[in-house]
Amino acid sequence: MHLQSIRLIQYKNYKEAHVAFSSQINCFLGENGSGKTNLLDAIFYLSFTKSADQAQDLQCILHEADFFSIKGTFSQNQKERTVLCAYQAGKKKSIKLDNKPYKRASEHIGKFPTVLIAPNDTDVIRGTSEDRRKFFDAIISQVNQSYLNNLIAYNHALKQRNSLLKQFAEQDRFDADLLEPFTRQLLDLGQKVYEVRKEFIAVFKPLLVKHYAMLSGQRETIEIDYESDFSEGIEEKFRHSQKKDLILKRTNRGTHKDEFVFLMDGKPVKKFGSQGQQKSYLIALKLANFDFLKNELGVKPILLLDDIFDKLDDLRIEKLIQMVASDAFGQIFVTDARPERSISIFEKIKQEHKLFTVSQGKVEVRKQIQ
Amino acid sequence: MPATILNFPPKIVENAIEEISKLPGIGRKTALRLVLYLLKQEKESTENLTTALTQLREDIQYCGTCHIISDTTDCTCRTVTRDLTTICVVQDTPDVMAIENTHQYKGLYHVLGGVISPIEGIGPEDLHIDSLFSRIEKSDPKVEEVILALSPTMEGDTTAFYITKKLKALGIKVTTIARGIPIGGELEYADEVTLGRSILTRTIYD
Numbered sequence: 001m002h003l004q005s006i007r008l009i010q011y012k013n014y015k016e017a018h019v020a021f022s023s024q025i026n027c028f029l030g031e032n033g034s035g036k037t038n039l040l041d042a043i044f045y046l047s048f049t050k051s052a053d054q055a056q057d058l059q060c061i062l063h064e065a066d067f068f069s070i071k072g073t074f075s076q077n078q079k080e081r082t083v084l085c086a087y088q089a090g091k092k093k094s095i096k097l098d099n100k101p102y103k104r105a106s107e108h109i110g111k112f113p114t115v116l117i118a119p120n121d122t123d124v125i126r127g128t129s130e131d132r133r134k135f136f137d138a139i140i141s142q143v144n145q146s147y148l149n150n151l152i153a154y155n156h157a158l159k160q161r162n163s164l165l166k167q168f169a170e171q172d173r174f175d176a177d178l179l180e181p182f183t184r185q186l187l188d189l190g191q192k193v194y195e196v197r198k199e200f201i202a203v204f205k206p207l208l209v210k211h212y213a214m215l216s217g218q219r220e221t222i223e224i225d226y227e228s229d230f231s232e233g234i235e236e237k238f239r240h241s242q243k244k245d246l247i248l249k250r251t252n253r254g255t256h257k258d259e260f261v262f263l264m265d266g267k268p269v270k271k272f273g274s275q276g277q278q279k280s281y282l283i284a285l286k287l288a289n290f291d292f293l294k295n296e297l298g299v300k301p302i303l304l305l306d307d308i309f310d311k312l313d314d315l316r317i318e319k320l321i322q323m324v325a326s327d328a329f330g331q332i333f334v335t336d337a338r339p340e341r342s343i344s345i346f347e348k349i350k351q352e353h354k355l356f357t358v359s360q361g362k363v364e365v366r367k368q369i370q
Numbered sequence: 001m002p003a004t005i006l007n008f009p010p011k012i013v014e015n016a017i018e019e020i021s022k023l024p025g026i027g028r029k030t031a032l033r034l035v036l037y038l039l040k041q042e043k044e045s046t047e048n049l050t051t052a053l054t055q056l057r058e059d060i061q062y063c064g065t066c067h068i069i070s071d072t073t074d075c076t077c078r079t080v081t082r083d084l085t086t087i088c089v090v091q092d093t094p095d096v097m098a099i100e101n102t103h104q105y106k107g108l109y110h111v112l113g114g115v116i117s118p119i120e121g122i123g124p125e126d127l128h129i130d131s132l133f134s135r136i137e138k139s140d141p142k143v144e145e146v147i148l149a150l151s152p153t154m155e156g157d158t159t160a161f162y163i164t165k166k167l168k169a170l171g172i173k174v175t176t177i178a179r180g181i182p183i184g185g186e187l188e189y190a191d192e193v194t195l196g197r198s199i200l201t202r203t204i205y206d
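Same order as they appear, the protein sequences are chains A and B.
Each residue of the first sequence is one higher than the last, beginning at 1 in UniProt numbering.
Each residue of the second sequence is one higher than the last, beginning at 1 in UniProt numbering.
Read the hints as simulated data drawn from the structure, not as lab findings.
Mixed in with the good hints, there may be bad ones.
[Said to hold, decoys possible] Here are the simulated lysine-lysine pairs, BS3-like style, with alpha carbons at most 25 Å apart:
| hint | chain 1 | residue 1 | chain 2 | residue 2 |
| --- | --- | --- | --- | --- |
| 1 | A | LYS91 | B | LYS40 |
| 2 | B | LYS29 | A | LYS93 |
| 3 | A | LYS243 | B | LYS165 |
| 4 | B | LYS165 | A | LYS159 |
| 5 | B | LYS40 | B | LYS22 |
[Claimed, not checked] Only part of the chain A face toward chain B is listed, based on derived beta-carbon distances under 8 Å:
| hint | residue |
| --- | --- |
| 6 | SER141 |
| 7 | ASN144 |
| 8 | ALA153 |
| 9 | LYS159 |
| 10 | LEU164 |
| 11 | LEU178 |
| 12 | PHE182 |
| 13 | THR183 |
| 14 | GLN185 |
| 15 | GLY276 |
[As the list claims (entries may be wrong)] A short list of chain A residues far from chain B (calculated; beta carbon distances all over 10 Å):
| hint | residue |
| --- | --- |
| 16 | ALA65 |
| 17 | ARG104 |
| 18 | THR122 |
| 19 | GLU195 |
All values derive from a computational prediction rather than experimental measurement.
Glycine is no exception: its CB is placed at the ideal position from the N, C-alpha and C atoms.
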């Protein structure tokens, strides 16, 4: 599967653009603010039906325009498929596959799998445990629909139980029989969430270790630990924390407290990793994400690499490019604000690739190697 | 000179639209269409509607025992021809109608008026749960079985669990309606949860 071409109308800083891509490596060169990231974002939109930087659809419309549209032409199993995403201010957005509208946008997700690596977004490493759970939940949900349903149900039960705890505190009363059904629901659903996460990490860990080793040239060894209340004696933990739950008016045990600890040479990366090491860790996580989806879905996702060269030393950059240019990866899109660096890196690469110059919302082909 | 702005729709029409659009499932456009439709009809037909609405508010009653809506005081729960030893617990009146239409049930009903949902601030005390217990305790002949016919949602399950816990203490047999594949439904289109559950709660074929 690859993206043959894209047509943008009034998307972010693009008034109108039509770009044809290489089926292998595509590199966008241009100064900061020229629109390189917006181009990757448009590709991301075609896959996830939303912008990667969590912008509202309204904010994606070109300044002073009233609608945007993104049309992508994919090649999938030797067939041409078009995805059209359009949004007009104040109306419902429309997502069409081969001119047929979807009932729900969520049905589209996973059809054209894409992985975005944007190392400046280090929330997964440096943020809260919730950021990490969201990261892994998003990956698992793409291949396991019932996991997503259980997760939604768990969060609903949690909200109910917390509301009840709050009411007990406000009304200064307690009814064990009323609290119990909610605790049961959390235990049942939490167990299912825990088992899938545990199984997932067992598959994901070797992928992560492999990619980090390749990136770092074996300089550091890494680990990932999954910590959950469900690992043992969950019922007793729930019973013990009931008093605490009532005082704090929220549930203190459960899979919503799960943590994924990223370790490097036995120490948490969040605290002890340098900025460069954290970036490498993040890139390894994303490459493992890529491999996992590739193995589960049986297709190579499109890989978007946004500004990955910053803060990585030359050795790591070269390793990374060598790796993504190999057969294990499919179509790749890269951005770089320093043209001479990318040009010299890509000169060493034999594969078919296309370099573009991006400037003020215009995209031009700079060099094409076939 | 700027054109005078038309005062449209007139205030009376606007009032009617506003009231009608408060009904569930009806927006402003539908409300406007209904208002214009009513204005085109014979005066009688709109008067019939207003009478019906007024009567609805003034004469309708809720049975003090089972909380079903009725227009007489002769509720099913006082009819000796029904099985007085079985009570079917449902969330709301439409559920009673649905079960009645099956002609498979001869016992009594008990309408809870909702399900337990702390998010919406609905606790057991806001529902007709206490009256269910006192009704069973005072029953003559004694109630032997309570059938829980609540929706298979998280809130429905929670409510069922809560009621069961309290009823077991009274030594009453508690059953729940079966869940599974709808009749005439294709197996391959059933969702996993329903199908999985119907496998677990399979019945002996005879």
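Now for the hints, and whether the structure bears them out:
1. A/LYS91 to B/LYS40: violated, 33 Å
2. B/LYS29 to A/LYS93: holds, 22 Å
3. A/LYS243 to B/LYS165: With Cα atoms ~22 Å apart, A/LYS243 and B/LYS165 stay inside 25 Å; holds.
4. B/LYS165 to A/LYS159: With a Cα-Cα distance of about 22 Å, the restraint between B/LYS165 and A/LYS159 holds, given a limit of 25 Å.
5. B/LYS40 to B/LYS22: Answer holds: B/LYS40 to B/LYS22 is near 22 Å, not above 25 Å.
6. SER141: A/SER141 check fails; min Cβ-Cβ to chain B is 15 Å, beyond 8 Å.
7. ASN144: violated, 11 Å
8. ALA153: holds, 7 Å
9. LYS159: holds, 6 Å
10. LEU164: holds, 4 Å
11. LEU178: holds, 6 Å
12. PHE182: Nearest chain B Cβ about 6 Å off; hint holds.
13. THR183: Since the shortest Cβ distance to chain B is 10 Å, the answer is violated.
14. GLN185: This hint holds: A/GLN185 lies near chain B, its Cβ roughly 6 Å from the closest one there, short of 8 Å.
15. GLY276: Hint on A/GLY276: violated, closest Cβ of chain B at ~45 Å, above 8 Å.
16. ALA65: Fine: 28 Å to the nearest Cβ keeps A/ALA65 off the interface.
17. ARG104: The claim holds: A/ARG104 sits with its nearest Cβ about 16 Å from chain B, beyond 10 Å.
18. THR122: holds, 34 Å
19. GLU195: holds, 15 Å
Of the hints listed earlier, those the structure fails to meet are numbers 1, 6, 7, 13, 15, in rising order.
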